[in-house]
Structure formats: C-alpha cells, structure tokens
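**Student:** 256 is the number that our numbering gives to position 256 of the sequence shown; each next residue is one higher, with no gaps.
Keep in mind that a hint or two might mislead.
Taking lysine-lysine and the DSS-like style, the derived pairs with C-alpha atoms no more than 27 angstroms apart in a straight line are [claimed, not checked]:
#, residue 1, residue 2
1, K372, K403
2, K339, K382
3, K403, K382
4, K149, K90
5, K149, K214
6, K339, K387
7, K184, K75
8, K115, K154
9, K382, K404
10, K214, K184
11, K403, K339
12, K339, K372
13, K387, K372
14, K38, K154
15, K403, K391
16, K90, K115
17, K372, K382
Label-pair restraints from in silico Cβ distances [to be verified]:
#, residue 1, residue 2, range
18, Q327, P93, 33 to 43 angstroms
19, S105, G334, 24 to 34 angstroms
20, E111, V386, 25 to 35 angstroms
21, E58, S357, 28 to 38 angstroms
22, E58, Q420, 48 to 58 angstroms
23, S105, H223, 15 to 25 angstroms
24, K90, S29, 13 to 23 angstroms
25, L82, K391, 41 to 51 angstroms
26, H54, M85, 52 to 62 angstroms
27, K391, K339, 19 to 29 angstroms
No wet-lab data here; the hints were simulated from the structure. The C-beta atom is built at its ideal place from N, Cα and C for all residues, glycine as well.
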Amino acid sequence: MEQLDLVIIGGGPAGLAAAVSAWDNGVRSMVILDREAKLGGILEQCIHNGFGIHRFGEELTGPEYAARYIAEAEKRGIPYRLNSMVLDLKTDPATGLKQVTAVSSSDGLMEFSAKAVVLAMGCRERSRGALNIPGTRPAGIYTAGAAQKFVNIKGYMPGTRVVILGSGDIGLIMARRMTLEGAKVEAVCELMPYSGGLNRNIVQCLEDFNIPLKLSHTITAIHGRERVTGVTIAQVDDARRPIPGTEQEIACDTVLLSCGLIPENELSLSANIPLDPVTGGAVTDQYRQTAVPGVFACGNVLHVHDLVDFVSEESALAGKSAADYLQGRLPDGGTLDIKGAGGVRYVVPQKLRLPASEDLRLYFRVGAIYDKVTLTLSCGEKALAVKKRPKVVPGEMETFIVKKETLGNLSGSLTLTLSQEGGIA
Numbered sequence: 001m002e003q004l005d006l007v008i009i010g011g012g013p014a015g016l017a018a019a020v021s022a023w024d025n026g027v028r029s030m031v032i033l034d035r036e037a038k039l040g041g042i043l044e045q046c047i048h049n050g051f052g053i054h055r056f057g058e059e060l061t062g063p064e065y066a067a068r069y070i071a072e073a074e075k076r077g078i079p080y081r082l083n084s085m086v087l088d089l090k091t092d093p094a095t096g097l098k099q100v101t102a103v104s105s106s107d108g109l110m111e112f113s114a115k116a117v118v119l120a121m122g123c124r125e126r127s128r129g130a131l132n133i134p135g136t137r138p139a140g141i142y143t144a145g146a147a148q149k150f151v152n153i154k155g156y157m158p159g160t161r162v163v164i165l166g167s168g169d170i171g172l173i174m175a176r177r178m179t180l181e182g183a184k185v186e187a188v189c190e191l192m193p194y195s196g197g198l199n200r201n202i203v204q205c206l207e208d209f210n211i212p213l214k215l216s217h218t219i220t221a222i223h224g225r226e227r228v229t230g231v232t233i234a235q236v237d238d239a240r241r242p243i244p245g246t247e248q249e250i251a252c253d254t255v256l257l258s259c260g261l262i263p264e265n266e267l268s269l270s271a272n273i274p275l276d277p278v279t280g281g282a283v284t285d286q287y288r289q290t291a292v293p294g295v296f297a298c299g300n301v302l303h304v305h306d307l308v309d310f311v312s313e314e315s316a317l318a319g320k321s322a323a324d325y326l327q328g329r330l331p332d333g334g335t336l337d338i339k340g341a342g343g344v345r346y347v348v349p350q351k352l353r354l355p356a357s358e359d360l361r362l363y364f365r366v367g368a369i370y371d372k373v374t375l376t377l378s379c380g381e382k383a384l385a386v387k388k389r390p391k392v393v394p395g396e397m398e399t400f401i402v403k404k405e406t407l408g409n410l411s412g413s414l415t416l417t418l419s420q421e422g423g424i425a
C-alpha cells in the first residue's frame with residue numbers, strides 16, 4: 001500500500017486545478033488517478049472555442065484549455081496514473097486515513113493510503129433508459145456527448161438527419177457541430193418552457209444556423225427496427241404530459257439525447273458521504289469539504305457547472321482547502337445549514353463552517369425564469385445581504401457573495417430567498 005498525503009480522483013479540469021493548487025500550497029506527496037488514457041477529461045473532445053474567457057482572459061478550445069493545466073501539472077512534477085480505475089474509497093476507522101483502491105492494466109490492483117482525498121470525477125449523461133421514451137430500440141440513438149466523441153475524436157458521423165431531445169449545452173453545441181459536418185438537424189425539442197443551455201449557445205448554435213427550437217415539446221415515440229427512421233414529438237402541458245392531438249412525425253436517422261448530467265458519485269456513496277438530492281453531488285461546506293473529514297469535492301461531481309472556468313476556480317479552492325487540512329489550518333468550528341427558498345432550487349455550499357475566514361461565495365440555480373428579482377441571504381429574521389438581479393434563468397448558474405464581516409456570531413441556519421414584486425417567488 002502506497003502512503004500519500006493526498007489522492008486526487010479524476011484528471012479532468014477539476015482534478016488538474018485541484019492538484020496545481022494543492023502543490024502551490026505546500027503539498028508534495030500526492031497522485032492524480034484517472035481512468036482515461038490521457039489527462040484533460042471531457043475537454044479533449046470539446047474542440048469548439050469559448051473556454052478560458054474568465055480564467056485566462058482569452059478564448060480557447062477545450063484541448064487548449066486542458067493543455068494549459070496539464071503543462072502546469074507537469075511543470076510542477078505532479079505524479080499521475082492513467083488508465084487507472086478507482087474501485088473503492090473508504091475511511092479506516094482506527095486511523096482516519098482514506099483507503100483508495102484502484103486497478104489498471106499495467107499495474108494491476110493498487111492501494112493507496114491518504115490523509116486527504118479530492119473527488120473530481122465529473123459527471124455522466126442521462127441515457128435513454130433513464131428517460132423512459134417509448135418505441136423500438138434501433139441503432140442511431142446516442143447521448144450528445146457520445147456523438148461528440150464520435151465526430152471530434154473518432155472521425156465518425158453518427159447520422160445525416162438528426163433530432164435532438166433536450167437543450168442542454170452539449171446538445172446545442174452538437175446541433176451546430178452536426179450541421180457543420182453536413183448533417184441536417186431537423187429540430188431541438190425541449191420538455192421545459194425554457195432552454196437548459198446558456199443563452200449564448202442558443203444564439204450561436206441554433207439561431208445562427210436556423211435550427212428550430214421547440215420548447216414544451218418532447219419525443220413520445222421512436223420508430224425503426226434496425227435503424228431509427230423517425231420520431232413522434234408532441235407538445236406538453238404544464239404538468240409535462242403530452243397533449244393529445246399535437247403529435248407530429250419527423251423523419252430522421254439519428255436521435256441525440258441532451259437531457260441533463262448526473263454527477264458521478266458512486267465512490268462518494270461507498271465512502272458514506274451524504275449527497276444533496278437536488279444537485280446529486282456531495283453536501284459540502286465553503287471549503288468544499290464533505291461530511292467525511294479530509295474528503296473534498298469539486299467540479300461537476302459536486303454540481304453541474306456551465307463553464308469550465310468556474311470548475312477551475314472551485315477546484316483550486318478545494319485543492320487549497322485540502323492543503324490547509326493537511327497542515328491543520330482549516331477552521332474546526334461548528335457548521336450552519338444553507339438552503340434555498342422561493343425560486344432557488346439549490347445552493348452550494350450547503351454548509352457554512354465557522355469561523356468564516358473568507359468571503360462566502362454561494363453558487364445557486366433557480367427553478368424558472370424570473371425578472372426583476374431580489375435575493376436575500378438571511379439568518380432567522382436577520383438579513384445578512386441583499387442583491388438585485390434584472391433576470392435569472394435556470395440554464396445559467398448564479399453567484400451570491402457575502403462579506404466575511406457579516407458572518408460572525410451566527411446561529412441557526414442561513415436561507416437564500418428569491419422574491420419578486422408582490423412576494424416570494
């Protein structure tokens with residue numbers, strides 16, 4: 001068993017940023033474990049631009065963004081092991097050390113004993129099986145990310161006439177990508193009355209290419225025996241149920257699914273880490289430490305981000321916090337719960353650890369489109385901070401920053417409430 005201070009599970013943008021940050025804050029005994037054959041994670045297949053605007057002040061493609069962090073990790077000599085699948089994570093009750101079990105074709109079964117662990121496993125796509133779409137099971141049905149890998153990495157075209165279900169960012173980007181490669185995207189259907197992607201992607205990927213976006217629509221049947229021959233779509237009501245009489249058949253040979261991402265938290269469950277039922281990720285404090293001391297989570301395994309720049313920002317915090325934990329610098333006071341109310345679906349972090357040594361940055365998403373909103377963070381009846389926003393939408397993650405000076409002598413729980421003129425949303 002290899003003895004280390006820190007094990008980072010995942011070599012994508014989150015794991016790389018956490019490793020670089022931990023190294024810069026004094027950690028030298030560490031390793032990155034990743035199941036892929038190359039560092040960089042999902043960025044390696046995201047060949048479009050738009051990455052790095054916040055982090056580097058310039059537009060980069062996904063591989064360019066990954067290359068910068070890979071270069072930083074290699075410059076520091078941070079060790080990593082590729083093609084290494086982590087199978088289990090648990091805590092030794094006697095010593096408190098984290099036991100990480102992994103396997104690879106070159107090294108066989110590997111065991112690591114670490115004082116701290118950073119979870120950076122990313123997320124996976126929701127598949128057809130999770131959506132319960134009626135119809136046959138022909139070839140030609142892919143998640144948008146799988147189709148992206150086929151086109152950008154393997155050089156294969158999944159099909160020539162495409163219908164996309166869901167308007168997440170990957171689906172929007174693949175609508176453009178398939179069009180550029182010569183395919184005809186017949187429609188993008190979205191169950192909700194609003195898009196799940198960034199507004200810039202709606203404009204650049206759909207409107208600029210005259211691809212129709214059908215809101216409040218879903219696929220009610222998939223047709224075809226050996227290969228997809230078409231789909232039936234229908235409008236849905238306020239309860240998301242298909243409205244009889246609104247059915248429409250669209251001929252196609254390919255269906256792409258962009259219906260949400262699920263944080264990859266099987267390891268977290270095996271380590272008995274409590275998960276947030278809304279985000280699907282771990283419950284953490286502002287240092288991104290989970291309920292298990294010494295285990296930190298960051299990036300899309302914690303909650304789904306819009307931009308990789310924010311993944312890197314959060315993961316750098318987790319890496320620094322892991323270093324602080326190893327060196328005994330993390331606050332060890334009690335915690336207060338943080339929750340959302342009104343139109344706020346979730347808030348990350350879900351805990352405030354006292355005493356608060358830095359400003360508190362909250363990430364949150366809303367459950368619908370709201371105009372002219374007021375956001376209030378309160379502790380009981382006391383309002384700690386109030387901010388106004390002209391508009392908030394579900395497809396874009398929002399932030400709420402609270403000065404550390406307002407976080408002293410608190411008790412109870414904190415609530416982030418969204419309200420409009422006339423009351424709480």
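**Student:** Take the hints in turn and mark each one as holding or not.
**Tutor:** Hints and how they fare:
Our distance criterion of 27 angstroms between C-alpha atoms is met by K372 and K403, whose separation comes to about 23 angstroms. The straight-line distance between the Cα atoms of K339 and K382 is roughly 15 angstroms, inside the 27 angstroms bound, and the hint therefore holds. Of the supplied pair hints, the one linking K403 and K382 holds, its CA atoms being roughly 15 angstroms apart against a limit of 27 angstroms. A threshold of 27 angstroms between alpha carbons decides the hint, and for K149 with K90 the separation of about 33 angstroms lies outside it, so the pair is violated.
Taking the CA atoms of K149 and K214, the gap is about 25 angstroms. The hint holds against a cut of 27 angstroms. Distance check on the hinted pair: K339 and K387 sit about 17 angstroms apart at the alpha-carbon level, within 27 angstroms; holds. At most 27 angstroms may separate the alpha-carbon atoms for a hinted pair to count; K184 and K75 exceed this at roughly 44 angstroms. A hinted pair counts as satisfied when its Cα atoms are at most 27 angstroms apart, and K115 with K154 does not qualify at roughly 39 angstroms.
A C-alpha spacing of about 16 angstroms is found between K382 and K404, which places the hinted pair at or below 27 angstroms, so the restraint holds. Between the alpha carbons of K214 and K184 the distance comes to roughly 16 angstroms, so the proposed pair stays at or under 27 angstroms and holds. Our distance criterion of 27 angstroms between C-alpha atoms is met by K403 and K339, whose separation comes to about 18 angstroms. The straight-line distance between the Cα atoms of K339 and K372 is roughly 21 angstroms, inside the 27 angstroms bound, and the hint therefore holds.
Taken as a hint, the K387 and K372 pair is honoured in the structure, with Cα atoms around 11 angstroms apart against an allowance of 27 angstroms. Of the supplied pair hints, the one linking K38 and K154 holds, its CA atoms being roughly 15 angstroms apart against a limit of 27 angstroms. Between the alpha carbons of K403 and K391 the distance comes to roughly 23 angstroms, so the proposed pair stays at or under 27 angstroms and holds. With a C-alpha separation of about 12 angstroms, the suggested pair K90 and K115 falls inside the 27 angstroms cut-off, and the hint holds.
Between K372 and K382, the direct Cα distance comes to roughly 22 angstroms. Compliance with the 27 angstroms bound is thereby established for this hinted pair. Separation of Q327 from P93 is about 24 angstroms and departs from the stated range, judged on CB atoms against 33 to 43 angstroms. At roughly 46 angstroms, the beta-carbon separation of S105 and G334 lies outside the given 24 to 34 angstroms, and the hint is violated. E111 and V386 have their C-beta atoms about 51 angstroms apart, which leaves the hinted 25 to 35 angstroms range violated.
Distance hint check for E58 and S357: the Cβ-Cβ separation is about 32 angstroms, which falls inside the suggested range of 28 to 38 angstroms. Separated by about 37 angstroms at the C-beta atoms, E58 and Q420 break the suggested range of 48 to 58 angstroms. Against the hinted window of 15 to 25 angstroms, the Cβ-Cβ separation of S105 and H223 comes to about 41 angstroms, which falls outside the hint. Distance hint check for K90 and S29: the Cβ-Cβ separation is about 20 angstroms, which falls inside the suggested range of 13 to 23 angstroms.
Look at L82 against K391: about 43 angstroms separates their beta carbons, and that is inside 41 to 51 angstroms. For the hinted restraint 52 to 62 angstroms between H54 and M85, the CB-CB distance of approximately 32 angstroms leaves it violated. Checking the proposed 19 to 29 angstroms range against K391 and K339 shows it holds: the Cβ atoms sit about 23 angstroms from each other.
The earlier numbered hints that this structure contradicts are 4, 7, 8, 18, 19, 20, 22, 23, 26.
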